[in-house]
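Colleague: Chain by chain, the residues run as shown.
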Amino acid sequence: MKNSGRRRGAVTAVLAATALALTTACDPGTTGDSGAQTLSIAFSVSTLNNPFFVQLRDGAEKAAKELGVKLVVQDAQNDATKQINDVQSFVTQKVHAILVNAVETDQSEPIAKAAANARIPLVAVDRSIDGTVVSEVTSDNVQGGQLAAEALAKAVGPGDVVTLQGISGTSASRDRDEGFTQGMALRSSVRVVSKKGAEFDRAKGMDVMSALVQSQPKLKGVFAENDEMALGAVKALGARAGRDVMIVGFDGTPDALVAVQNGTLAATIAQQPRELGRLAVEQAVKTIRKEKVRQLIEVPVKVVTKDNVADFRN
Amino acid sequence: MTTTVAERGRNRPDLGKLLSDNGALGGLVVLVVALSIMAPTFLTPQNLLNVGVQAAVVAVLAFGQTFVIVSGGIDLSVGSVAALSGMVAAWSFTEAGLPGWLALVAGLVTGLAAGLVNGVMVSYGRLPAFIATLAMLSVARGLTLVVSDGTPKSTPEEITALGSTIGDYLPVPLLVMLLVFGLTGIILTRTYAGRTMYAIGGNADAARLSGINVRRSTLVVYGLAGVFAAVAGLLLAGRLASAGPQAAVGYELDAIAAVVIGGASLSGGVGRATGTFVGALVLAVLRNGLNQLQVTPFWQQVVIGVVIALAVLFDTLRRRTK
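As you go down the protein sequences, you meet chains A and B in turn. Letter by letter, the first sequence follows residues 53 to 366 in the working numbering. Letter by letter, the second sequence follows residues 26 to 347 in the working numbering.
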């Protein structure tokens with residue numbers, strides 16, 4: 053028992069050392085060699101298990117490179133607690149500004165507090181934060197929801213439709229739902245017969261859609277609050293997608309644009325994630341340099357259908 | 026397992042024995058030293074307090090899990106039960122209008138109830154612990170969503186205080202974790218209930234034949250795990266100043282990992298509070314340190330996964346060579 057305990061200690065020690073060696077090996081250039089003068093900005097992304105947020109990060113990284121600032125990115129993995137932990141780490145690293153794409157708007161107050169206590173400027177990206185921010189960079193999601201209602205009504209004609217909702221408690225999901233509901237209220241021939249949550253996730257979207265196909269045989273249309281869920285719905289519907297069930301997504305991810313081209317998706321509401329990321333970094337740098345920043349930047353969204361999809365695929 | 030109840034009872038907290046008995050502690054020391062050298066911001070007082078706070082929720086869950094694993098079971102429901110307890114507490118305050126302290130009690134009772142249901146399913150229902158608690162994982166998460174209606178609910182001051190600091194620096198989660206740590210140690214080594222856990226985990230039939238009421242002890246074990254999960258859930262809600270429907274998803278796996286890294290055997294009969302504490306710290310230090318080193322998030326998951334896998338792999342190898 054004792055003997056094996058010692059052996060285990062040795063193994064754990066070796067493990068720890070290997071872990072550290074591994075991480076420095078796969079992450080060259082991020083430790084130790086940062087010049088004292090370079091501005092460093094930290095970015096906490098809600099999840100990188102979604103191409104939209106990967107593009108968001110890419111936009112931020114590109115902007116950081118162009119502006120000559122260092123950008124550290126952490127993935128909160130859709131866990132509000134992990135996000136606070138990450139932000140606390142940013143604070144101890146004494147970064148000059150923090151960008152946060154909140155996991156949950158309703159649970160983001162401690163993040164704002166942590167940044168405020170350390171007097172580090174905070175920029176909200178894509179989703180609102182419950183607290184003081186120097187700037188919020190977001191898509192106009194309410195308008196996007198309205199456009200989605202219009203596009204879906206046009207594709208379906210009269211009939212029953214369902215909504216696949218995102219993570220409840222995020223401003224993105226709430227605002228898209230609000231816009232969509234407003235848009236649908238203007239169109240009495242189209243009826244929303246069910247709203248089901250699928251957490252912005254493709255696999256969950258597919259599962260939920262498979263169940264809905266059974267319970268709603270007369271279904272003619274689907275509004276998914278993001279493209280991942282929309283593509284899950286396409287999978288669940290198989291050959292019916294784009295033929296007798298029309299699907300409208302939201303985000304304009306590369307996969308979704310391909311689906312619009314193929315006709316399996318009737319439309320998607322394209323956001324500009326790279327632009328969101330770029331503007332967020334830009335606002336942060338402006339704040340640090342004491343230049344004027346805008347409190348709220350709403351990046352416009354656009355309807356993508358087969359007619360104009362070529363403009364977005366470049 | 027040849028370890029007897031009597032042998033377990035003799036453990037005294039002396040440093041040399043602690044180091045040799047507790048292999049994970051060596052690993053933790055190496056980790057801390059290496060990180061202190063590599064990341065200049067790691068060994069600052071503020072960051073170390075952060076590590077403590079970040080370890081707290083998983084540590085408290087893991088202490089509860091230690092009882093279960095020592096007695097030869099497993100509790101997959103602790104993450105969901107934590108979320109449910111936090112949510113019931115927040116709901117009691119915001120929707121049912123209970124005073125804050127009573128809402129806190131409601132949260133603890135919820136955890137206890139869920140734990141006892143687990144215990145009844147395992148002991149009287151004779152369900153395998155894996156299945157019983159897997160069912161509870163789903164039920165508790167579902168109930169959390171039902172109670173919350175899918176949106177986070179804010180917590181009363183009494184609960185928010187659990188997630189804040191005393192004065193400017195002393196974090197309450199850290200204190201709660203240390204308190205629960207002490208309590209776990211006492212229960213495991215100084216009480217009848219604790220000793221029966223080792224006996225049942227070592228050999229349930231022998232325990233029964235020697236006059237231990239295995240069913241009742243099992244209820245105690247899962248009840249404790251439930252209450253501890255509730256404490257973790259309240260800490261979590263306190264930190265966020267609100268209880269979220271998706272809180273603590275997957276935390277049961279972190280808790281199990283912490284217990285196993287700490288030297289407990291998944292086949293029961295072996296495990297200690299100090300080991301679990303160290304296991305939880307290893308995970309928290311690793312996460313925090315990888316952040317401080319600015320390791321990209323994807324690689325972090327790889328590294329943490331590798332460490333957990335190898336720790337558990339070593340556990341099985343150790344048992345096989347016996």
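In case anyone wonders, no lab produced these hints; they're calculated from the structure. Heads up, a few of these hints could be off.
[Claimed, not checked] As a list, the in silico EDC-like pairs of lysine to aspartate or glutamate whose alpha-carbon atoms are at most 20 Å apart:
#1 A:Lys165 - B:Glu120
#2 A:Lys165 - B:Asp174
#3 A:Lys146 - B:Asp230
[Unchecked claim] Computed beta-carbon distance windows for the label pairs:
#4 B:Thr119 - A:Lys117: 54 to 60 Å
#5 A:Asn169 - B:Thr216: 40 to 46 Å
#6 B:Leu152 - A:Lys117: 52 to 58 Å
#7 A:Ser267 - B:Gly122: 45 to 51 Å
#8 A:Val106 - B:Ala160: 33 to 39 Å
#9 A:Glu350 - B:Leu152: 40 to 46 Å
#10 B:Gly275 - A:Gly315: 36 to 42 Å
#11 B:Val239 - A:Lys146: 51 to 57 Å
#12 A:Lys146 - B:Ile156: 45 to 51 Å
#13 A:Ser267 - B:Val54: 54 to 60 Å
#14 A:Ser246 - B:Asn238: 47 to 53 Å
C-beta atoms are modelled at their ideal positions from N, C-alpha and C, and glycine is treated no differently.
Colleague: Look at each hint and say if it fits the structure.
Modeller: The hints, checked one at a time:
| no. | hint | in the structure |
| --- | --- | --- |
| 1 | A:Lys165 - B:Glu120 | 26 Å, violated |
| 2 | A:Lys165 - B:Asp174 | 27 Å, violated |
| 3 | A:Lys146 - B:Asp230 | 58 Å, violated |
| 4 | B:Thr119 - A:Lys117: 54 to 60 Å | 45 Å, violated |
| 5 | A:Asn169 - B:Thr216: 40 to 46 Å | 42 Å, holds |
| 6 | B:Leu152 - A:Lys117: 52 to 58 Å | 56 Å, holds |
| 7 | A:Ser267 - B:Gly122: 45 to 51 Å | 37 Å, violated |
| 8 | A:Val106 - B:Ala160: 33 to 39 Å | 36 Å, holds |
| 9 | A:Glu350 - B:Leu152: 40 to 46 Å | 53 Å, violated |
| 10 | B:Gly275 - A:Gly315: 36 to 42 Å | 38 Å, holds |
| 11 | B:Val239 - A:Lys146: 51 to 57 Å | 55 Å, holds |
| 12 | A:Lys146 - B:Ile156: 45 to 51 Å | 49 Å, holds |
| 13 | A:Ser267 - B:Val54: 54 to 60 Å | 57 Å, holds |
| 14 | A:Ser246 - B:Asn238: 47 to 53 Å | 50 Å, holds |
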